[in-house]
Amino acid sequence: MSSFTGRPADGRPHVFATSDGPATTRIKGLKRPRGMAEMRDAGDRWESVDLVEAACGVKIVAQGLERALAGTTVRLAKDDEALEAAIAACHEECRVDIVLQEGGVVIKADTIGGLEALPSNLGNWTSPFAAIGPVNKRDILTAEPAKTH
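Heads up: the sequence shown begins at 289 in my numbering, then just goes up one per residue.
Mixed in with the good hints, there may be bad ones.
Stated by the list, open to error - Cut-off 30 Å, straight-line C-alpha distance, at most; resulting in silico cross-link-like pairs (DSSO-like, lysine-lysine): (1) Lys366 - Lys425; (2) Lys396 - Lys425; (3) Lys396 - Lys366.
As the list claims (entries may be wrong) - Computed beta-carbon distance windows for the label pairs: (4) Glu372 - Trp334: 29 to 37 Å; (5) Lys366 - Arg320: 19 to 27 Å; (6) Glu380 - Gln351: 23 to 31 Å; (7) Ala373 - Arg322: 31 to 39 Å; (8) Ile428 - Asp308: 24 to 32 Å; (9) Arg333 - Gly402: 36 to 44 Å; (10) Ser408 - Ser307: 16 to 24 Å; (11) Glu380 - Arg355: 15 to 23 Å; (12) Glu335 - Ala405: 31 to 39 Å; (13) Lys347 - Ser307: 19 to 27 Å; (14) Gly309 - Trp334: 25 to 33 Å; (15) Val349 - Ala370: 18 to 26 Å.
Quick caveat, the hints were computed from the structure, so don't treat them as lab data.
Beta carbons: idealized from backbone N, C-alpha and C, even for Gly.
Model the full assembly from the supplied sequences, consistent with the hints where possible.
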């Protein structure tokens, strides 16, 4: 997820994108890597911080983040109006503009950027289905076996 500036561990809701749409959580804490010398020590790699700034690596401690889509933004909602705006912005961010066709290959990617880049790299290939996340049973059933002549 993208970095943000502010004090997120104050109990206010934060909105993030999942494959099922926007979700909210309350951040319990933030951790930043200590430094390259300490990274070799498996037990003490992270230090707790109260404030993070753009372009810094950060580990967010909160419930439900395992469903978050990589490469998306975490948004802070200060009040109910800001919460609705954050959810709407999250919906817009998760919308991927890919032209889908009747037949072709099934596309899955880990991030939104990867999903948007794949169709252009595939060239003339068409795609009936494009999504973000791990491959699951539904994806396999969608990708019907190709007919061999």
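task = May I ask which of the numbered hints given earlier this structure violates, with the numbers listed in increasing order?
result = The structure breaks hints 1, 3, 8 and 9; every other hint is satisfied.
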